[in-house]
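Asker: Given chain A, work out where chain B with the ligands should sit, using these hints.
If you read the protein sequences in the order shown, they are chains A and B. Under my numbering, the first residue of the first sequence carries the number 1, and numbering increases by one thereafter. Under my numbering, the first residue of the second sequence carries the number 1001, and numbering increases by one thereafter.
No lab work stands behind these hints: they were computed from the structure. Some hints here could point you the wrong way.
What the hints assert, rightly or not - Straight-line C-alpha distance at most 30 Å; calculated BS3-like pairs for lysine-lysine: (1) Lys-186(A) with Lys-1074(B); (2) Lys-186(A) with Lys-1101(B); (3) Lys-186(A) with Lys-1113(B); (4) Lys-186(A) with Lys-1020(B); (5) Lys-1153(B) with Lys-186(A); (6) Lys-1074(B) with Lys-1113(B); (7) Lys-1113(B) with Lys-1101(B).
Stated by the list, open to error - Below, a sample of chain B positions facing chain A; criterion: calculated Cβ distance under 7 Å: (8) Val-1068; (9) Pro-1072; (10) Phe-1081; (11) Ser-1083; (12) His-1089; (13) Phe-1098.
As the list claims (entries may be wrong) - Restraint ranges, calculated between C-beta atoms of paired labels, are given here: (14) Leu-13(A) with Pro-1037(B): 48 to 56 Å; (15) Asp-1165(B) with Val-281(A): 36 to 44 Å; (16) Asn-1069(B) with Asp-148(A): 55 to 63 Å; (17) Phe-201(A) with Asn-1069(B): 21 to 29 Å; (18) Gly-52(A) with Arg-1129(B): 54 to 62 Å; (19) Ala-1320(B) with Gln-181(A): 36 to 44 Å.
Where a beta carbon is used, it is the ideal one built from N, C-alpha and C, also for glycine.
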Amino acid sequence: MATQQTQGLARGLLSPAVGLLFVWMIVPLAMTIYFSTLRYSLLDPGAETFIGLDNFRYFLTDPAFLASLLNTLVLVGAVLAITIVLGVPLALLLDQPMIGRNIVRLMVIAPFFVMPTVSALVWKNLLLHPVSGLLAWLSTLVGVTPIDWFNDAPMLAVILIVAWQWLPFATLILLTALQSQDEEQKEAAEMDGAGAFSTFFHLTLPHLARPITVVILIETIFLLTVFAEIFVTTGGGPGLQTTNIAFMIYSQALIQYDVGSASAGGLVAVVIANILAFFLVRIVGRNLET
Amino acid sequence: MGQITLQSVHKSFGPLNIIKDANLDIEDGSFVVFVGPSGCGKTTLLRLIAGLEDVTSGQILIDGRNVVNVPPAKRGLSMVFQSYALYPHMSVRGNIAFGLKMAGMPRPEIDRKVEAAAATLNLTSYLDRKPRELSGGQRQRVAIGRAIVREPKAFLFDEPLSNLDAALRVQMRMEVTRLQKQLATTAIYVTHDQVEAMTMADRIVVLNAGRVEQYGTPLELYDRPVNLFVAGFIGSPKMNFVSGLPASLHGAATIGIRPEHLRVVGDGEGWPGRVSVAEHLGSDTFLYVDAAELGLLTVRGLGEVHLKGGDRVWLSPDPARLHRFDKEGVAIRP
Ligand SMILES: Nc1ncnc2c1ncn2[C@@H]1O[C@H](COP(=O)(O)OP(=O)(O)O)[C@@H](O)[C@H]1O
Ligand SMILES: [Mg+2]
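Chain B extracted, bound-state conformation:
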């Protein structure tokens, strides 16, 4: 079991209010991603759940029990740190076994569990190496191994893939997701990368300046962002925002159109503009269109679109996929 609930959790460092009234319900076995810009309080929130920081007020329940006064080791959670935080003087075996040794588990049982974890993570042939003799990806796996042997109620990951190169990151992304599904253990995963969030999460928590902006499945966030911040943060390339006359025509202060929902249409039908840059990726074409008073609009065309910088185009938004926001930036729902 690993059901985690936050009830009006606040955290201040001195006069600085870092986490403002966080309320969350994390179901057992789900993969939840905290995403938000750098400095918004993701790490702080994770450390509050881990017990490495004390809450200023509010409750954290694990399986229904309030744990705010329970020391980290007793919460039954394990954490994978951004720097991996491997013990440099211990072998891979020693690193993975350390938590079990501290728990006073008998030696044969420790050995069995370490071997099993190492086998799951393809680390068997590295068990006797020191962390410094491993590559970045291997260190990452040792850190994960250290987390899984303790059979925790939940895993906490703090930007675990940010030190890896792009290709390895994609591979580890899949491995982590697969492992989590296989173990069916709750996981909370912190990242600033919305692509990571969208691809890995069952549910995403979007944080901004210490506030939970929205909590929902990736597609909910994509299809029904509750405000301008979420709309702009989720999706790549970023959503286009248009205000002024075209927005008031739809009864909104601002309208948002995702680049993939803007179409290039024939003469005179939509918003006129001029292509300033065209990026041809083969699978997609990104057009950055200078649309006079509407500003710079991004258009994503499927496959090859035969346009180049300087071409005149007309753009038309897909009316069904249009997002409307009021003066405060809150989404208007019909």
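Bound conformation, chain A alone:
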């Protein structure tokens, strides 16, 4: 137990940093709340008037809102599912002793270091492009008409790109967890007559429950705000097919020049993220105890 004096000293030394962080957070939040109550169009500067909660009403009753909310949930859910379902076997593979394991690991992790804008461009122009893309070329090789991904299956294309970026993250976390699995437990299971599958289901999967939870929580936070991939590839379209909440806020602010409504949308997004986080922690957070 620290003494009174060291506690006081610690508080004194911490306070500038904590104060700075607090101001850093509170100023933008306060300004967003303030803007969300104004009629504030960039086309008509200087004419801001207080309109109460009208911006929220406009944003929430906008037909685009429900569609974006749904798209957001589909994107988050699909990417989570793909990264975990593929991440577990990939981590198991990378945990096996093999030649050049370090290089293979590095290559698997690499997509995570590519910035979203770049990876979206690569996917759009080099891989998924209906004329010059790699997949189109493969399709014509086997005599199938190439798919125009961003028009025929835009959401699937976006999910693919985002999942490709986040799969390394999930794999990395799960791999670290696998490496911390107790070797003697596996040997005990071997002596008990458990084969590879039984050992996986009875020992490894329960051991991975906690890292999987961590992956879900962290990825959710970032997947709620996916923007660059959509902006670069589909621009939210066709129609509203790939517009998520983040992209909708952007289009309110900088396509429709409505700062008030965009601010209201930002606050709505904060609330949605909190609701989601609340349920996630209730459902999967139990794994984090002890």
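Answerer: For chain B with the ligands alone, kept in the frame of chain A given last:
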């Protein structure tokens, strides 16, 4: 049945020769302890028998059948690991039942066997707890329970008591021995603690640097150690070794005298020395005597011996209990 025979078993890890030509014959129902200093290859030898490591050469026979190519689960042995290696996500019941479940035993039979094992080990009221909710001694018992339900041909223990405190260790030592006698199942028990070896074993294997130095009953090892290493390793406090003139008087390069076989005698009769430290335990007195060119000798006196640091003493070895060793350190037998 659980008769285990090792025939010139070798084990190398790369260029490192860890087990060098191990030959052993372990009788059915006996309690055999592998003892030796840390790093001498005890765990490796046990894992070879379990099948968790492959032998480099040689044969391991269980009930006459060579098992070197048989996977661990098929050898009919069960192992208690040093870390217990309990399955953390399963209850005590799940841990004990796991091996039976994997063997495809019907549920009612599993339940019956688990209950019986739990009753033997006083675990009945803990069956639904997770390992982390148990004390060290209880975890130890779960690990033993997991080993006994499978009714193996032999138990393999790898330093199972080393994580327990001293008092619990003495208690578990007795429980394990009693349980083994009651089940009449062969047991191989690894420890670096020679007191554990002496108290628990029917027969002891003394290992040193991957070599079996001696295989015999505890009293054989105590009374007739085959070489300097065994003589120095078995017995506590350690045997005193004296070389030079007193040894050549007995026709040996080195003579060994256990502390309990050195007596404090009257003036001028034996080796002179000065007590440097005296430890009074009540039941025993340990004297560390500085005997000039003979070195530091340990003397164990029964009960209270009224001597203290700085006192001059004369020591005389019991000639009947003297151990003689040649230049190579091998015991000389008459
Ligand atoms: N998997 C392994 N690879 C290389 N060396 C090993 C391996 N396992 C054990 N050893 C070596 O074998 C020797 C004996 O180890 P071990 O059997 O664990 O000793 P003990 O149980 O008697 O303390 C040690 O020197 C150890 O470093
Ligand atoms: Mg060991």
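Asker: Against this structure, judge whether each hint is valid.
Answerer: These are the hints, each one checked on the structure:
Using a Cα cut-off of 30 Å, the hinted pair Lys-186(A) and Lys-1074(B) holds, with the two alpha carbons roughly 16 Å apart. At most 30 Å may separate the alpha-carbon atoms for a hinted pair to count; Lys-186(A) and Lys-1101(B) meet this at roughly 16 Å. Straight-line distance between C-alpha atoms of Lys-186(A) and Lys-1113(B) comes to about 23 Å, which keeps the hinted pair within the 30 Å bound. Distance check on the hinted pair: Lys-186(A) and Lys-1020(B) sit about 28 Å apart at the alpha-carbon level, within 30 Å; holds.
Distance check on the hinted pair: Lys-1153(B) and Lys-186(A) sit about 21 Å apart at the alpha-carbon level, within 30 Å; holds. Among the hinted pairs, Lys-1074(B) with Lys-1113(B) is consistent with the structure: their alpha-carbon atoms are about 20 Å apart, no more than 30 Å. For the hint linking Lys-1113(B) to Lys-1101(B), the alpha-carbon distance of about 11 Å falls within 30 Å, and the restraint holds. Hint status for Val-1068(B) relative to chain A: violated, with the closest Cβ pair at about 16 Å, above 7 Å.
Residue-level restraint check for Pro-1072(B) holds (minimum Cβ-Cβ distance to chain A is 5 Å; threshold 7 Å). Of the supplied interface hints, the one on Phe-1081(B) holds, with its beta-carbon coming within about 5 Å of a beta-carbon of chain A, less than 7 Å. This hint holds: Ser-1083(B) has a C-beta 5 Å from the nearest C-beta of chain A, less than the 7 Å allowed. Look at His-1089(B): its Cβ gets to within about 4 Å of chain A, closer than 7 Å, so that hint holds up.
Checking Phe-1098(B) against chain A by beta carbon gives a least distance of about 5 Å; that is within 7 Å, so the hint holds. Checked against the hint of 48 to 56 Å, the pair Leu-13(A) and Pro-1037(B) passes, with Cβ atoms roughly 51 Å apart. Remark: the range hint 36 to 44 Å for Asp-1165(B) to Val-281(A) is upheld by a beta-carbon distance near 39 Å. Range check, Asn-1069(B) to Asp-148(A): Cβ separation about 58 Å, and the 55 to 63 Å hint holds.
For Phe-201(A) and Asn-1069(B), the hinted distance range of 21 to 29 Å is satisfied, since their beta carbons lie about 27 Å from each other. Checking the proposed 54 to 62 Å range against Gly-52(A) and Arg-1129(B) shows it holds: the Cβ atoms sit about 58 Å from each other. Between Ala-1320(B) and Gln-181(A) the Cβ separation comes to about 58 Å, which falls outside the hinted range of 36 to 44 Å.
Violated hints, listed in ascending order, are 8, 19; each of the other numbered hints is respected by the structure.
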